[in-house]
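Protein chains in written order, with the numbering used here: chain A, 12 to 391; chain B, 12 to 391; chain C, 12 to 391; chain D, 12 to 391.
Take these hints with a grain of salt, some might be off.
Since the list can't tell identical chains apart, any single copy or any two copies may satisfy a pair.
Subject to a maximum C-alpha distance of 27 Å in a straight line, what follows is the list of computed DSS-like cross-link-like pairs (lysine-lysine) [said to hold, decoys possible]: (1) 200 - 75; (2) 147 - 32; (3) 306 - 16; (4) 245 - 200; (5) 143 - 126; (6) 111 - 306; (7) 136 - 111; (8) 238 - 349; (9) 148 - 126; (10) 128 - 143; (11) 32 - 126.
Don't read these hints as lab results, they were simulated from the structure. Values in this document were obtained by computation on a predicted structure and should not be read as measured data.
Chain by chain, the residues:
4 protein chains.
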Amino acid sequence: MNIRKFENASQRRAALEAELKTSLKNTGHFSLDESMAASRNCENMIGVAQIPVGIAGPLKIDAKDYYIPLATTEGALVASISRGCKASTESGGVSVDVEKIGTTRGPVFIIENLKEKTILENFLKDNLAELKNIAKKSDSHLVLKKFDTAVFGHNFYIRFVFDAKDAMGMNMATIAAQEIADFIADKTKIKCLSISGNYCVDKKPSWLNFINGRGFKVWAEVLLAEKVLRGTLKTTAQKFYDVWLAKCMGGSALSGSMGFNAQFANTIAALFLATGQDPAHIVEGSMGITNAGIKNENLYVSVYLPSVMVGTVGGGTGLATQKEALSILGIAGGNEGKNAQSLAMIAGAAVLAGEISLLASLAQGSLVKAHKKLGRGQNS
Amino acid sequence: MNIRKFENASQRRAALEAELKTSLKNTGHFSLDESMAASRNCENMIGVAQIPVGIAGPLKIDAKDYYIPLATTEGALVASISRGCKASTESGGVSVDVEKIGTTRGPVFIIENLKEKTILENFLKDNLAELKNIAKKSDSHLVLKKFDTAVFGHNFYIRFVFDAKDAMGMNMATIAAQEIADFIADKTKIKCLSISGNYCVDKKPSWLNFINGRGFKVWAEVLLAEKVLRGTLKTTAQKFYDVWLAKCMGGSALSGSMGFNAQFANTIAALFLATGQDPAHIVEGSMGITNAGIKNENLYVSVYLPSVMVGTVGGGTGLATQKEALSILGIAGGNEGKNAQSLAMIAGAAVLAGEISLLASLAQGSLVKAHKKLGRGQNS
Amino acid sequence: MNIRKFENASQRRAALEAELKTSLKNTGHFSLDESMAASRNCENMIGVAQIPVGIAGPLKIDAKDYYIPLATTEGALVASISRGCKASTESGGVSVDVEKIGTTRGPVFIIENLKEKTILENFLKDNLAELKNIAKKSDSHLVLKKFDTAVFGHNFYIRFVFDAKDAMGMNMATIAAQEIADFIADKTKIKCLSISGNYCVDKKPSWLNFINGRGFKVWAEVLLAEKVLRGTLKTTAQKFYDVWLAKCMGGSALSGSMGFNAQFANTIAALFLATGQDPAHIVEGSMGITNAGIKNENLYVSVYLPSVMVGTVGGGTGLATQKEALSILGIAGGNEGKNAQSLAMIAGAAVLAGEISLLASLAQGSLVKAHKKLGRGQNS
Amino acid sequence: MNIRKFENASQRRAALEAELKTSLKNTGHFSLDESMAASRNCENMIGVAQIPVGIAGPLKIDAKDYYIPLATTEGALVASISRGCKASTESGGVSVDVEKIGTTRGPVFIIENLKEKTILENFLKDNLAELKNIAKKSDSHLVLKKFDTAVFGHNFYIRFVFDAKDAMGMNMATIAAQEIADFIADKTKIKCLSISGNYCVDKKPSWLNFINGRGFKVWAEVLLAEKVLRGTLKTTAQKFYDVWLAKCMGGSALSGSMGFNAQFANTIAALFLATGQDPAHIVEGSMGITNAGIKNENLYVSVYLPSVMVGTVGGGTGLATQKEALSILGIAGGNEGKNAQSLAMIAGAAVLAGEISLLASLAQGSLVKAHKKLGRGQNS
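Only chain A is shown next, with the shape it has when bound in the complex (with noise of 0.2 Å):
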């Protein structure tokens, strides 16, 4: 059967339930707008997945309080989220810091040997404000803000990094990465192989995005109150410390781990599913550190994320339910940049408040307890 022949889902689902004896009534049950998700979103569209959507907080980020939009299919997660925000807003609430690193992409040229290696490297240096006009023409809203390089034999990687604004911004980067590839080549007579040579590094985990940052680099904070640990949640700062110790650094170093951290992934996949995010990005969200330190008896704790690929346009932004979650956050479309900044700010926080709710509940040995009397479980 040739799937490609079928105007519209609902002629697809009548055709797969007939072929394979299968019932899709669920699939067929949205409210999207099928004409834009099967040109924009999906091609070869049948319907949808259902994925449900709780609600964790009210978390206080920098003096405001956010309701954390969370997509997820695993029991116990966003109350376990919730938890963390409890805590996070009872002590206070967390403080973020966002630094925009930008969207990279990365071509391939082939050069024939270290000589053409120099030229390319004079010709980059030397042609940077034209790369920058070229970018700006591909796209109003694009900046092309430095560039790095790096050989292997004959390939010859540039990792040009863009500012989108508020577009996660990676079809805009590898568009323009293209006309200016075309430049290049075009004036230095050394060829693009690709446009993409993985040293962008687009979703896999690296150390070049942990190490150099992507998306934006978010640091969140909490210094949570001894009164807090005991009451929200169940343990003391020394054994949340000593968890954390053997959790995030001895057993990820052991491991050769990327993520020195509790459940960075969880958090990340439930708010970037809820928000029409690429889920693929989940990947470098699951990078990173958390820390934890005693302050006498009150505990703080702060989490470090190299790699937040975030946008409020664009992609699966603009579906309708995700477009109302980014409204539930107050951040849905365009805003010269800050609703993406406001997002990984919020993918911070919310990270943050996940890594304390695990931690805590594996210090009080409570995390099997409530699973199995729930029988679900959300895992890390």
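Dock chains B, C and D against the given chain A, drawing on the hints supplied.
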């Protein structure tokens, strides 16, 4: 506002709409059994995120045709994977090899010194049969296969490896690990600090899982015929190979990546979301290696995925739309471990199709052209 | 000038001195048996590099005192390690746990497809006894312990793990691996591409060796008494701990390091050079983790080295000065594997002493002061 | 026995010989200026380790011939590198590109919270000129080039990058970093916890150094002519390429290595020991990538070394035999940074020669044959 006080999704939506002056009507358009989803999959549920599902395929795997359900908001992804399915099927189909490693959980114990390290190691060796019994008692579907250990100061980590049949099995593994840990602590008087110490390693990029495997190790291969390369993929074996080497090997090595591939994460994310897998496991699914080799003018392409965590029962697999996606693949529900194994096999083959299409597109320089024309785009 | 045409070191020196108008009189000042060194250890020999050897210690290890010979050109290193020895010995001495993993060699075979992968895997399982026989025949001191496999496209890697008794054993392992590979190729008609495919992994930093071990895994621990911290080390448990956490854990995690330690490489380098080990194995010896934990006002410090490649026979261990260094430790020559094991033990304990001293110095802020005063310095 | 109480090497040897009933006569056979070595290079000195030095070459680098001094105890290594020199020189010689990154030192400060992070970042930006002045005042040969920062909880890391001219420069960098740190602490009242926080990163394998470089970044290339491949190297371009891909790329990727190469560590170790470099920097020198590409029937081979830490003044370079080795290369002593740069260049070219020879040998299957015949062996 205390989001936890409401009785159901409808009330929560109404409250949020009133407080935030926003509309959530699409979020509220769903057919899932809300009471089931709210009790098993998502707390504080307010509705769903609707994620478009498209069909790629048919993809011939070990002589049988599959239609691959993919949930995505990234335009071009389904079309891209579909093209890879077409090229693979035209070339005679994909062969897959799957090795079940198992689900791991790694509690951490507190030893006083190296003498207690030896005591604990000996205890584990001497009591393996009893530990297996405890696992079996905790869940009749669960088998404790083996364990590994590691030490960081006073922290002694045990990585238990379980076979959970058709379940992804993190909850079953966690519950069993807790009972085993209780037994060990009781007998040795060596305390369990935390039921997870990140030597599992769950949902973080890690070399431990890359090297020793987790869930399933999957290999998939296809020999693309020259005429398919020229026709369907509009490239040549040599061009494809050059891009593969530059991107998947050179660029990934230079960037310190665990993903020596083009877009594992995109394909895994779309398949996992459609079929109700835990989206945080996209992280582990993004790890792995793509390989290409020219044979005359044909092209051998293969992929290796070290850490595929999937199941066909439990978690999100029981939700209505997700179950329908599994039914499209003919593997919904439990089947003595065979359905989960089939899903791992399909994941490997679909990932291979995704690699083929994107690398061919990059080799031909057509990626940007396609995206510009369609005003949309999948990336990596 | 053809350096290979001369008969001995003296002639080569003379020729170089004439051609380059330089003096090599110190290079020519040595007592090694030149004909032996020239035939076994170094081609085109012109003389020696003289590297100063100092003594650290005594260091009490498992109740016995050792003087540690260290070859170094970095001023302050011997003094630093010596201070760590003193502090450790004053605190009752170091305890060490050593696990022999074995010497590995990883040939790579060429398979046509995944079917041949299965064929080869089955052949290896079915013929393990015969492979062990071949290893034993190739060298009566060599035991094949086990093997692991991995696949990259057509490349099938087998990591053979050997016990080579008191030899570091790379040559024995390579020769045995060649004979085993010949046997496999003969029986299966699957060709061996290369006797080493970097799945060994020899002399490169790698997570494979970090996680699964190579040579010896070594753990060493000491409980530093409060008065020793205050007296000999001029710091406190808390100060030491803070620097350890910031440096060995935080800084190492942020920089994507395989060395969660202060100066493993310095200590390993000095001990390896003095005792005739292969200096390229310093690379593997630099991997590992230092841990610190406050116990009342005492401090528990421990180290874990996953990949200690040492021997007391073969290679550079037979050279006159190197043999004398081994004699100082009482472990020159072969002794049923016990001498190599002792050297691994001593390496772990010496490394621990080095960590203690440097971290204490950093904690006290005295590192620079000492270096400025002495006009010299060891670093890390 | 208190080894520190003796006045000189001779007394220490006599005492050890008496106590341990062992002979140290070869250790005592040296011509170094003991009082200088004992005061600058090695405490508790008892003599020297004599390490055989051989000569590889001549190796043509950018049209000039070099004889490469190599200190090693591993038989076959000098011969192997020498063969690579011959093949390279016969093919027209090696081209090298060197980029000076600089010597780094990374102190760690204690911040209270993210506000102090911002304060410290702003202070650094606003006072860069003054920081540069302090560096210059601490040593007139030292230039502070730039800095990077990173944060782990309360720990704020600054990675200062210095140009130390012909010195490897760790001591100068450490002293300057201390004075800069004192200034920062004085002005901001933010305390410096430790002068090194492993964000340097000194002597550990790390992606930070791999990606952003340390010391020198070096690229070296050669185009091996078909007749040289056939004649001197006894292999073909295709065979060489196949082994390179399987070993340096596939095997290294599968093992989570930072060394995508054949034997960087062997060559770097031998050159560093001969020329008085810090042997712990072999660790950083082992990182990097070898590349091969077939051009008709010729073979392009290149290497990339990201972290070459070398100098021609200071440390071990002033010792008699080491200085003679530098003289053989024509680069002993200071020369406005040019000598250290030349040594980095030579290191890159020699490493390339070592890769060529070993990979050719593996491709031909002759490695074991040669080792068995000679009863010795270099490995990797």
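**Asked** What are the numbers of the hints that this structure violates, sorted from low to high?
**Response** Violated: hints 1, 2, 3, 6, 8, 9, 11.
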